[in-house]
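Colleague: Single-letter residue listing:
Protein chains: 2
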Amino acid sequence: MKAYQCGALERTNILGRAKELASTELIEKTETKYFTFANPPSELSLEFGGKLGPITLAYETYGELNKQKSNAILVLHALSGDAHAAGISKNDGAIGWWDNLIGPSKGIDTNKYFVICSNVLGGCKGSTGPSSINPATGKPYGIDFPLITIGDMVNAQRHLIDYLGIEKLLAVVGGSMGGMQVLQWMVSYPERIRAAIPIATTLKHTPQQIAFNEVGRQAIMVDPNWRMGDYYGGPKPVKGLAVARMIGHITYMSDVSMEKKFGRRFRTEKEPYKFGAEFEVEGYLRYRGDNFVKRFDANSYLYITKAMDYFDLLNGKHLRDVFKGLKAKVLVIAFKSDWLYPPYQSQEIVKACKLAGVEATYCEIDSIYGHDAFLLEIEEEAHLIKHFLSRASNDQRPGV
Amino acid sequence: MKAYQCGALERTNILGRAKELASTELIEKTETKYFTFANPPSELSLEFGGKLGPITLAYETYGELNKQKSNAILVLHALSGDAHAAGISKNDGAIGWWDNLIGPSKGIDTNKYFVICSNVLGGCKGSTGPSSINPATGKPYGIDFPLITIGDMVNAQRHLIDYLGIEKLLAVVGGSMGGMQVLQWMVSYPERIRAAIPIATTLKHTPQQIAFNEVGRQAIMVDPNWRMGDYYGGPKPVKGLAVARMIGHITYMSDVSMEKKFGRRFRTEKEPYKFGAEFEVEGYLRYRGDNFVKRFDANSYLYITKAMDYFDLLNGKHLRDVFKGLKAKVLVIAFKSDWLYPPYQSQEIVKACKLAGVEATYCEIDSIYGHDAFLLEIEEEAHLIKHFLSRASNDQRPGV
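These protein sequence lines are chains A and B, in that order.
Residue numbering for the first sequence is 31 to 430, as defined by the numbering used here.
Residue numbering for the second sequence is 31 to 430, as defined by the numbering used here.
In short, the hints are calculated from the structure, not lab data.
Given the structure is predicted, the values throughout are model-derived calculations rather than measurements.
Some hints here could point you the wrong way.
For chains that are exact copies, the list does not tell them apart, and a pair is met inside one copy or across any two.
What the hints assert, rightly or not - With a straight-line cut-off of 20 Å between C-alpha atoms, the simulated SDA-like cross-links for lysine to any residue are:
| hint | residue 1 | residue 2 |
| --- | --- | --- |
| 1 | Lys304 | Leu177 |
| 2 | Lys291 | Leu370 |
| 3 | Lys136 | Gly264 |
| 4 | Lys384 | Ile173 |
| 5 | Lys81 | Ser100 |
| 6 | Lys347 | Arg294 |
| 7 | Lys347 | Arg295 |
| 8 | Lys198 | Ser423 |
| 9 | Lys136 | Ala307 |
| 10 | Lys381 | Thr236 |
| 11 | Lys142 | Val380 |
| 12 | Lys169 | Glu73 |
| 13 | Lys290 | Glu378 |
| 14 | Lys290 | Leu370 |
| 15 | Lys300 | Met258 |
| 16 | Lys304 | Leu82 |
| 17 | Lys366 | Glu378 |
| 18 | Lys290 | Tyr374 |
| 19 | Lys234 | Phe296 |
| 20 | Lys234 | Asn164 |
| 21 | Lys198 | Glu94 |
| 22 | Lys291 | Gly346 |
| 23 | Lys347 | Phe296 |
| 24 | Lys304 | Leu194 |
| 25 | Lys169 | Tyr317 |
| 26 | Lys290 | Trp369 |
Chain A on its own, in the form it takes in the complex:
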């Protein structure tokens, strides 16, 4: 599974691997579906005020919803993820971004659970975002798209869950920005979840986390092709977006994992010009940056990172009041070498749960993979999640 160790959230289009897996017939072929908010409500009221509509969410489901509709798990993606969390896409053969965790007999077992994953509001993988058509102008929104929040993303997901006829989710699960959405579900819709698994995440961004996002945004906005967000139909700000992604990649890995993966090795084929990529780590970052721009919209990058920066479940509240009244069980997972979302931030989540009398378990996994560990250090993570879901699932059986 070497391809899985190559960095962050981009492991789509690993076609060779996809074919190999497909031949084993263990992998489900999946298809992205689209849900457009029906009338009423055709619009969503936004946290910063105003309404947005029409709204479409791209989503996928894996496994079967049981008769009691009690086995549904909502999986929430990180900054650059999408609805295609598991299996092989019927469309382009891409493997889901958390396929190592979700599937038959895996950590989130699709033989037992009905798994839903949707692309976030503001995204660029089928859900309404800045690259969608603005009904008022007939052209893509660009930066006329309103500022959105993690709360808006979760409100949109709640409409999808309503549409699927699910009153109560067995669990919400996600890492990084996916974890922020998990925390937001715990606050916005505590009565609609039985369990929650926030992974490698935080109650609020620190200035350092904001700073890394801000530099990425600046890299995009100084690209002359950004043109105040109005680049659709013309050349795109791919160079700025690639730099933003390179910064991201450094923060997703750890000092140790980079040392192990690259050391100070030089590339075998050096580029023949000055300041070309010479060290392997340089070639890797350029490759990652260049690949990312093929699949991601620069304006979505701006909106989504801004939503992460705004996210603040404390916001003047006392820690004990954040999860007050929550009945769900919580499993908080952090990774020792994650310096982007350091374990102390996960410990604060646990503390908030404990102060509110919420049943919370904390697991800190000893991984060298940094923030990426939530996608890579899968064996221990899967074990923890499997066991936790099984407990949450059993608790709802009559007589237990």
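Let chain A serve as the given structure and place chain B on it in line with the hints.
Modeller: Relative to the frame of chain A, chain B by itself:
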């Protein structure tokens, strides 16, 4: 001294503060001088091959050289520093970048010592670099300037020391890239130094350190005004350089120092457009980036960061052989919260010294300022340096 706590190496032009200090008459007025390599040698042989010339080094001196010429200390600057290390510039009133350490009765006491600081080869503050005129074309070098190394910088400094008539330096001192030059002096000219103080530095860059530099270089090179380095006389790649500097600033601070300085506070005057600077930390980074481009050349940024990335005193050698035969005393200083040049890298320097039988002292200062601590956590640092220099100085008195 709030102005000193505002970040990294840029505290020039704090004119208000300068006037205040000038009025106390405690601060020396300083002047930058220029040394051009005489014939022979008018050229410098470079580590990557080829020769470079003519070469000029901008330098300043503070204090008086004694009759025995035994009290000279060479101070070496970091990535964006210059020759103006101390006092107030006669020219523009700027305070030296390490003025809190160097001066009468300070950590490096100019009543006792003769202090020299020169702008590095490849720089843009008076020393020969990519913005200098290429004698072959009559135009600035741009990227026709040869790739240089930390070794080349130190060889050039050695010519300056010869010119000043100093056979043996009492000490070489510097932090960050300045520390790399200190280590290079220990290897290249061990017989010409009595003591060495490498601060917050490393024997070699890790892939993470290379990666941060590489993203900065990419940000510059994707700026359309970079034009393969041929921008002199036209618009400069200021936007790319500002992004590079912003990335740098994040790595110079610590999670804790950013939390303390900015928290999640919003700016009082928000910019009236979407994705303007809203959080204080965003405003700070933009301010730092925009200021930097007024005083620094983008091509110098490329060459100097590349020299740092190439730097590798191990390079296949055993640790015990790096400082073999060195007679100088060594004081290694690191800072607990420095995650750009973490203490483990300083500990490796100490280990290399010990294995080679070199007398080395290690001090890890408990600061929250991250890498910037070497410029800010001055009280303890000054105390350590003062005591160490006094010992080194006394050791050379006859009969001691």
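Colleague: Within, between, both or neither: how does the pair Lys304, Leu194 come out at a Cα-Cα threshold of 20 Å?
Modeller: Answer is neither; intra-copy 56 Å and inter-copy 35 Å both fail.
Colleague: When no copy is specified for Lys291 and Gly346, does a C-alpha distance of 20 Å or less occur within a copy, between copies, both, or neither?
Modeller: between (42 Å within a copy, 18 Å between copies)
Colleague: Give the relationship of Lys347 and Phe296 under a CA distance limit of 20 Å: within one copy only, between copies only, both, or neither.
Modeller: Intra 51 Å, inter 17 Å, cutoff 20 Å: inter-copy only.
Colleague: From the Cα coordinates, with 20 Å as the cut-off, is the pair Lys384 and Ile173 best called within, between, both, or neither?
Modeller: neither (41 Å within a copy, 59 Å between copies)
Colleague: At most 20 Å between C-alpha atoms: does Lys347 with Arg294 qualify within a copy, between copies, both, or neither?
Modeller: Intra 47 Å, inter 14 Å, cutoff 20 Å: inter-copy only.
Colleague: Using 20 Å as the alpha carbon limit, work out where Lys304 and Leu82 are close: within a copy, between copies, both or neither.
Modeller: Intra 49 Å, inter 17 Å, cutoff 20 Å: inter-copy only.
Colleague: Between copies, within a copy, both or neither: which fits Lys290 and Trp369 at Cα up to 20 Å?
Modeller: Classified as both; 17 Å inside a copy, 18 Å across copies.
Colleague: What label fits Lys291 with Leu370 when the C-alpha limit is 20 Å: within, between, both, or neither?
Modeller: Answer is both; intra-copy 19 Å and inter-copy 19 Å each pass.
Colleague: Is it within a copy, between copies, both, or neither that the alpha carbon of Lys381 lies no farther than 20 Å from that of Thr236?
Modeller: Within one copy only: 18 Å inside, 36 Å across.
Colleague: Give the relationship of Lys136 and Gly264 under a CA distance limit of 20 Å: within one copy only, between copies only, both, or neither.
Modeller: Classified as neither; 43 Å inside a copy, 59 Å across copies.
Colleague: Check Lys290 against Glu378 for me: Cα-Cα at most 20 Å, and say if that holds within a copy, between copies, both or neither.
Modeller: between (30 Å within a copy, 18 Å between copies)
Colleague: First find the shortest C-alpha distance between Lys290 and Tyr374 inside one copy, then the shortest across copies, and answer within, between, both or neither for a cut-off of 20 Å.
Modeller: between (25 Å within a copy, 16 Å between copies)
Violated hints, in rising order: 3, 4, 5, 9, 11, 20, 24 and 25; the structure is consistent with all others.
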